Amino acid sequence: MALLNTFKETCDYLREIWSGVGSLLKGMHVTGTYFLRGDGVTQQYPENRDQLRMFDNFKGELILIHDENNQHSCNACNSCARKCPNGSIEVASVRVQGDDGRSKRVLEKYTYHLESCTFCGLCVPACDQHALAFGQTFEHAVFDKAGLTKILNKPGSTSKAKDE
Amino acid sequence: MYDFSPLIASFTSLLEKTFSPFWAGAVSMVMLGVAVLTFYAVLGLYLVYAERKICARMQNRIGPNRVGPMGLFQTVADLIKLLLKELIYIRNADAFLFNVAPFIVIVASIMAIGSIPFARGLQAVDLNIGVLYILAISSMGVIGILVAGWASNNKFSVIGAMRSGAQVISYELSVGLALLGVITFAGSMQLSEVIASQQDGWWIFKGHIPAFIAFVIYLIAGTAETNRGPFDLPEAESELTAGFHTEYSGIKFAFFFLAEYMNMFIIAALATTLFLGGWLPFHLYEWDAFNRLMDFVPPVIWFFGKTALVIYLMMWFKWTFPRLRIDQLLTLEWKYLLPINLMNLLLISFLTLMKWHF
Amino acid sequence: MEEAIIDIDLKEKEEYIVNMGPQHPSTHGVLRLETCLQGEKVKYLVPHCGYIHRGIEKMSEKLTYPQLIHLTDRMDYLSAHINNEAVSLCVEKAMEVEVSDRVKYIRTILAELTRIASHQLWWAAFGMDLGALTTFFYGMRDREKILDIFEESTGSRLIQSFITPGGLMSDVHRNFQKRVSEFIRYFRRKLPEYDALLTDNVIFRERTQGIGILSKEDAIDYGVTGPSGRASGFHCDIRKIEPYSAYPLVKFNEITYTEGDTFHRYLVRINEMRESMNIIEQLVDNIPSGEIMLPLKVVKAPKGDFYQRVETARGELGVFIVSDGGPSPARIKYRTPNFSNLFVLNKLVAGHKIADLMAISGSLDLVIPDIDR
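Residue numbers (my numbering), protein chains in the order written: chain A, 1 to 164; chain B, 165 to 522; chain C, 523 to 895.
Since the hints were made in silico from the structure, they are not lab data. Remember, predicted model here, so these are calculated numbers, not experimental data. One or more of the hints may lead you astray.
[As the list claims (entries may be wrong)] Cut-off 30 Å, straight-line C-alpha distance, at most; resulting in silico cross-link-like pairs (DSSO-like, lysine-lysine): (1) Lys499(B) - Lys370(B); (2) Lys26(A) - Lys217(B); (3) Lys563(C) - Lys319(B); (4) Lys580(C) - Lys145(A).
Next comes chain A alone, as it looks inside the complex (with noise of 0.2 Å):
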């Protein structure tokens, strides 16, 4: 009976040594294909700039839509900047006098703090005039933090927008 019990051990030692084995097989297996497929995903940046186009829904950083006669359509009623939770718009306007005799709001110096923004998108769907969208850089490192305060309005623009 003894006897009977060791050797059922046995057996039992020399098939828990097999299958072990044999799933440390398996899981060389895996790697084994991969290296010898050896496709490696990377991607060799920065010699591809040239052929990197982001997603077109890409937030990027915030811009003023310009378009070819460098107008944009910002009217500075601060809306986006009311909406941005933590203060990373700030819209500075001034009054002039209209052709029409009303005077009315212009934009002076739209500021933008990149090093704040948190991305959420709340500032493009609140302008009425369609001013704002996210652009399609990445690349915002700088050495000194002065250089992520970005001036939005280009310039030499003036506006397009509507009278409200």
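Let chain A serve as the given structure and place chains B and C on it in line with the hints.
Same frame as chain A, but now just chains B and C:
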């Protein structure tokens, strides 16, 4: 290319003609030392590069490819960086032991390289107890690890060093017994004799099943000896942040790092010499045409090719399997490898007596 | 924050305290584990959290309800969509509005994709903690496909701020359906590889079977929900108990086991990935058309207390809003799953070795910013 003994003999006689016997001996020893050190350093550099490339391919990526063509100078750049790093001195650490530990590890490793046969005649020291010498010298390395862990004055390092010590002395048994099997087959511990006994076939083929089992056990135990692969708990960076060499920086860390790769090379070289025929080419039966084609390749290439294959196997283990816990490591050795090893050795002795091997 | 909550007395010989400090490759995030060890065994463990406390609940008191979204997805950043969904559902419950079917379907698909992505990252990191370094790359490579889907539709990979009270910020991209179906086909082929590499591996099984057993009573006492609780037999899947969004419309299994050890916590997550793919398959091909955003003039909750719970990738997230009728919540409290899951670590680890500590904390799948908010 095929036989280095005439070259070595002529070089030795040239030295003896120009210098007195004492100086001839001294000069030849110095030149040999320089050659071995250079070989050690260069091979270590390229083993690290090979590991990075191999593991990258297994992980679906490319590995170093920017520093030099195909990234060949990556390790050179790493070496320069390590040489330029600040050597941090620990305040309450035992300064002498702290500094001497990396040297113990690397000296043990270099001394073992000296007795490996690379080709016919290309062997620095051909002792008649070759295998025993290599095993004894490699176990000096564990002293370095224990000293490093102790002298770092860091709880993590001590834990790592103690684990490593327990691991290495356990697995030395398995390594020794597995090699003893082949020595029983070959009848001698001298490495050149072992290779000579494989003229008509490598021991892994001639010794059929027991030799294959011995090879597998040797590979597992050898990986554990060098703290590599699934047995790298002492230096597991995700558990104890680098274990016994946590406190080392700069060139001292480079010594530990290099010694690990070269120990892997020594284990692989020993496996090649004893199981896979050393620098002998692959001959099939008496097919003369095939054999002569195989003979055309220089023995040095055969040796390094076979060693590379064994090293690839060891790297494959490391990058596939999770780590074993220390008690599972020791269980594996004492409850699985050792009994199988002893049974295997008994079987091999029986086979040798009855001449039931090829 | 620096004193121990409970003093560790070194009672026996050979005990020493080791800090698995805030910076450690294995505690995913900034968590300090003050561990009392005896030799190789762990006797006691005191976790110190709070290193990444950012005051999300306090900041939320000054924000309007639509603006809350940008903070909630920074709590448990791996289940970003589900966190957003929790707040959105709570506010919609308070305002007693119901979103269109299209929004429900898309929210559920995004939530399940997030769950798969989170489990993929967990698998990658778990393998790496245990020493199988290739699993990290395989898990991350497969996760990239989900992140591409997110980037195409929402614009960001990890922190999307997409699900908002009233619906979604914008419609999904026209390629959404195609990409999601493609991903499901791709990942179903890859999941057997995960099994071959880790689940069936004898070394892995030895490391995880019988380690860190959590009994069902302890799971209920400590409030351990999610996959960690379900592995102990605690039926806590909110998607079955209180279904929300499109969950009443789909058939799926709640994966539970009774053993409660590390290996079964691992198995629950692997099988949950399969179930999530089943859910997505049932939904993705028949997304109804409808409006994306309810035409709400102002998003404001009426006076009162409102609670909503959802099932994130790690457990039950509860959002409790106390509102006084104003544009901002008077107090918002998040019952986060990781906070409850963390404090059961001490009980699980006692008596095991250091290497097991890594396996157990990896299997509990803790994301530290969720603990500290």
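Structure-based check of each hint:
This hinted pair checks out: lysine 499(B) and lysine 370(B) have alpha carbons roughly 28 Å apart, not beyond 30 Å. For the given pair, lysine 26(A) sits about 22 Å from lysine 217(B) by alpha-carbon distance, which is consistent with the 30 Å threshold. For a cut-off of 30 Å, the pair hint linking lysine 563(C) to lysine 319(B) stands: about 14 Å separates their Cα positions. The hinted pair formed by lysine 580(C) and lysine 145(A) meets the criterion: a straight-line CA distance of about 27 Å does not exceed 30 Å.
Comparing the model with each earlier hint shows no violations; every hint is respected.
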